[in-house]
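Novice: The chain contents come next:
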Amino acid sequence: SQELEQSPQSLIVQEGKNLTINCTSSKTLYGLYWYKQKYGEGLIFLMMLQKGGEEKSHEKITAKLDEKKQQSSLHITASQPSHAGIYLCGATLIQGAQKLVFGQGTRLTINP
Amino acid sequence: GAVVSQHPSWVICKSGTSVKIECRSLDFQATTMFWYRQFPKQSLMLMATSNEGSKATYEQGVEKDKFLINHASLTLSTLTVTSAHPEDSSFYICSARIRTTSSYNEQFFGPGTRLTVL
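If you're matching them up, the sequences are chains Z and F in order. The opening residue of the first sequence carries number 13 in the working numbering; numbering runs sequentially from there. The opening residue of the second sequence carries number 396 in the working numbering; numbering runs sequentially from there.
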């Protein structure tokens with residue numbers, strides 16, 4: 013079973029609509045990282061969260077880490093075609109560790 | 396921002412041959428580099444952690460004699476797939492962690508190398 017569960021696995025939304033992707037763990041998330049990947053390419057770093065309750069925003073993307081540090085959400089407002097891609101959450105599950113564990117990814121499609 | 400390059404971006408080889416993939420941090424020193432593989436429509440699976448000047452740490456189930464990792468400098472790590480077979484065909488991605496005293500574990504990823512073994 014996955015140590016990080018992402019939901020949904022795929023998402024199709026109309027351009028302009030809002031959407032949310034979730035990343036959940038049964039273990040404490042000591043560091044939570046959101047990345048975006050286009051098929052066959054590397055990962056683009058989006059945001060990093062460390063503290064319970066933390067929220068960060070960049071342009072139309074907002075990421076939150078819950079107080080218990082076991083769930084994170086990525087919210088996109090007024091989606092655009094450029095937001096299409098695969099979103100991956102990665103996390104450090106052991107305090108001080110360097111190793112990242114990844115969720116299975118969420119494939120986002122934006123329909124014009 | 397921090398840039399990580401990989402070379403080659405894609406490679407096709409015959410079964411039984413060895414393939415070397417390079418991962419370079421272009422504008423920063425990386426104390427640690429990581430090698431991942433990704434199968435189609437699946438997530439990244441960590442293969443090994445590579446520290447400059449020391450032996451790589453392999454994840455469970457990853458054959459260290461098959462996937463040779465050399466981290467010769469603070470800006471270069473190489474992954475050699477020895478005696479490649481079709482089941483080794485995959486997308487290999489490296490990442491590099493900036494040399495820092497911070498507790499942040501931010502990793503910067505290369506663009507990936509697609510290996511196809513015939």
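Quick caveat, the hints were computed from the structure, so don't treat them as lab data. Note that the structure is a prediction, hence the values are computed from the model and not measured. Any given hint could be a false lead.
Lysine to any residue pairs mimicking SDA-like chemistry, simulated, CA-CA at most 25 Å apart [to be verified]:
no., chain 1, residue 1, chain 2, residue 2
1, Z, K111, F, C408
2, Z, K68, F, E501
3, F, K436, Z, G52
4, F, K436, Z, L105
5, Z, K111, F, K409
6, Z, K50, F, F486
7, F, K459, Z, K50
8, Z, K68, Z, G28
According to the in silico footprint, chain F covers these stretches of chain Z (three or more CB under 8 Å from chain F) [claimed, not checked]:
no., region
9, 46-54
10, 107-114
The beta-carbon is built from N, C-alpha and C at its ideal position, and this holds for glycine as well.
Novice: Kindly indicate which numbered hints from before are broken by the structure, ordering the numbers from low to high.
Specialist: Violated hints (numbers, rising): 1, 5 and 7; every other hint is consistent with the structure.
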